[in-house]
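Sequence lines, in order, name chains A and B. For the first sequence, position 103 (counting from the first letter as 1) is numbered 103 according to the UniProt record's numbering, and the numbering increases by one without interruption. For the second sequence, position 263 (counting from the first letter as 1) is numbered 263 according to the UniProt record's numbering, and the numbering increases by one without interruption.
Any given hint could turn out to be false.
Taking beta-carbon pairs under 8 angstroms as the criterion, some of the chain B residues facing chain A (in silico) [to be verified]:
hint : residue
1    : 123
2    : 127
3    : 128
4    : 135
5    : 141
6    : 149
7    : 196
8    : 201
9    : 227
10   : 249
11   : 250
12   : 253
By construction, these hints were calculated from the structure, which means they are not laboratory data. Backbone N, C-alpha and C define an ideal beta-carbon position, used for all residues, glycine too.
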Amino acid sequence: METFGVVRRDGRSDPFFDGAARDRLVIRHCPPCDHWYAPDAGGCPECGAEELEWAEASGRAVLVSWAVAHPRGGEPAPLALVELAEGPWMYGRLHGVTSPREGLPLRARFVHPDEGESHPLFEEDREDRGL
Amino acid sequence: MAETAIAGLGMTELGKVYGRSPRRLAAQAVRAAAADAGLALTDLDGLIVAPGMSGSPGIELARTLGLRDLRLLTSMNTFGASAGAMVAHAASMIAAGSASAVACVFADAPLRPERSAGAAYGRDAREWHGLDGLRAALGFRSVNVYYALAARRHMLRYGTTSEQLGAIAVSTRAWAAGNPRAQLRDPISLRDHQESRWVVEPLRLLDCCLVSNGGVAVIVTGAERARDLARPPVHIWGWGQGHPGHRLERGSAFGLTTGAAISGPAAMKMAGVTPGDITVCQLYDCYTYTVLVSLEDYGFCAKGEGGPFAASGALGPGGALPTNTGGGQLSAYYLWGMTPLSEAVIQARGDGGDRQAPRNDLILVSGNGGILDHHSTLIVGPHPKGRP
Ligand SMILES: [Zn+2]
Numbered sequence: 001m002e003t004f005g006v007v008r009r010d011g012r013s014d015p016f017f018d019g020a021a022r023d024r025l026v027i028r029h030c031p032p033c034d035h036w037y038a039p040d041a042g043g044c045p046e047c048g049a050e051e052l053e054w055a056e057a058s059g060r061a062v063l064v065s066w067a068v069a070h071p072r073g074g075e076p077a078p079l080a081l082v083e084l085a086e087g088p089w090m091y092g093r094l095h096g097v098t099s100p101r102e103g104l105p106l107r108a109r110f111v112h113p114d115e116g117e118s119h120p121l122f123e124e125d126r127e128d129r130g131l
Numbered sequence: 001m002a003e004t005a006i007a008g009l010g011m012t013e014l015g016k017v018y019g020r021s022p023r024r025l026a027a028q029a030v031r032a033a034a035a036d037a038g039l040a041l042t043d044l045d046g047l048i049v050a051p052g053m054s055g056s057p058g059i060e061l062a063r064t065l066g067l068r069d070l071r072l073l074t075s076m077n078t079f080g081a082s083a084g085a086m087v088a089h090a091a092s093m094i095a096a097g098s099a100s101a102v103a104c105v106f107a108d109a110p111l112r113p114e115r116s117a118g119a120a121y122g123r124d125a126r127e128w129h130g131l132d133g134l135r136a137a138l139g140f141r142s143v144n145v146y147y148a149l150a151a152r153r154h155m156l157r158y159g160t161t162s163e164q165l166g167a168i169a170v171s172t173r174a175w176a177a178g179n180p181r182a183q184l185r186d187p188i189s190l191r192d193h194q195e196s197r198w199v200v201e202p203l204r205l206l207d208c209c210l211v212s213n214g215g216v217a218v219i220v221t222g223a224e225r226a227r228d229l230a231r232p233p234v235h236i237w238g239w240g241q242g243h244p245g246h247r248l249e250r251g252s253a254f255g256l257t258t259g260a261a262i263s264g265p266a267a268m269k270m271a272g273v274t275p276g277d278i279t280v281c282q283l284y285d286c287y288t289y290t291v292l293v294s295l296e297d298y299g300f301c302a303k304g305e306g307g308p309f310a311a312s313g314a315l316g317p318g319g320a321l322p323t324n325t326g327g328g329q330l331s332a333y334y335l336w337g338m339t340p341l342s343e344a345v346i347q348a349r350g351d352g353g354d355r356q357a358p359r360n361d362l363i364l365v366s367g368n369g370g371i372l373d374h375h376s377t378l379i380v381g382p383h384p385k386g387r388p
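Let the hints inform the model, and build the full structure from the sequences given.
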């Protein structure tokens, strides 16, 4: 698996990184109105709540849009905007997605580097979940 | 409401201009703009500054210039929409009788001799911190990525192609050939565009704007007063802002629509015109895609038709809707919203030389900031409002 820059905590998103260490995608949730948000959300524009809780998401998502960054002197980076099953969109990096398309089912998988924090990537979800 | 006009335009050297702070560049631009209008600095009673990437000229600019007894002094920041917002604010204040001659200035100096243009707007580090840092570590190192994601959405939804984006790069460069101030003037072909390297797929190098140092200022006065000044007035017909506030969640229109869908109709209503009346466009072109989606949101073509419209040749020299006639931010210079605004003033005055658009009656000027999040529109022209 590719390696990324070393990521450290900043004290504002520890539950996200704690979750990643346990292979869980932890995002934000507003209990009063049951609205879900991306991990970096700061409050609930739906009901005005100032505090959001950290809550475990399913880790399932679908692909909304994607882009491949070509840094000079570096490997291409497959980047994406994904829609989590709970509704919020999240910026992330794809892993092993060879034929991206809008709506492609994805799931979070987690990287546990030797140094720095664990974090998610999104890979194709091939499991048939039925409907 | 009292009518207003742009009476002066001042531009520093643009591009690889090193060793001057934003404040010094801004001071130079304001002096040039006042001189262009035939005004002394002491005639100014208002100053509005806007910050760029490398800091703001600051309201301390007033002291640098020795301006005294100002009735309006403020800093405004709407990112790339600031230029239009500054002019609208100046015009409103003048119409209200709160000021009479207002300089609006933007200056920036992100380029440094020892680093690449990309580095000026990108991020790099050995360690990253928090969620923001994680995103950067994963490869979200510059705004290019977000515009690429936006452009891809449009491609997925409407079938827009890289070649259609390329048509905008080609027509914009064709205009730049006639602009002595343009940083890039050699013509390019669609093939050159298609062969330019990926920056962030689906955006190629020739889909992305330049990075420039420099400063641009305009002087806004009442229309009556402007008539007695040194240069022909550029009348301000209308203005608007739009900040759609797309939330990133299921059903979001992120990337597919911009604030132009709000600011455009507002500005046109104030001006009493429709898209069909506009004869020249100066659209914020941080990326080719920004032009394409703005054209749709202004109503120059239907939603989703921006690609075919651009590919039709309408935007280039000889086309039905001359757009970015100075070479825009893609080929001329990247001074945020001052790039389209400065070219609008030049065209309205008929000073375009080799690149003068044949019909300059009504010019639409756009500003765009964030990831298509903030938009400003101005409608200007050589004739007094209501008399096209
Ligand atoms: Zn809520």
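Verification of the hints:
no. : hint : in the structure
1   : 123  : violated, 10 angstroms
2   : 127  : holds, 5 angstroms
3   : 128  : holds, 5 angstroms
4   : 135  : holds, 6 angstroms
5   : 141  : holds, 7 angstroms
6   : 149  : holds, 4 angstroms
7   : 196  : violated, 11 angstroms
8   : 201  : holds, 4 angstroms
9   : 227  : violated, 48 angstroms
10  : 249  : holds, 5 angstroms
11  : 250  : holds, 5 angstroms
12  : 253  : violated, 12 angstroms
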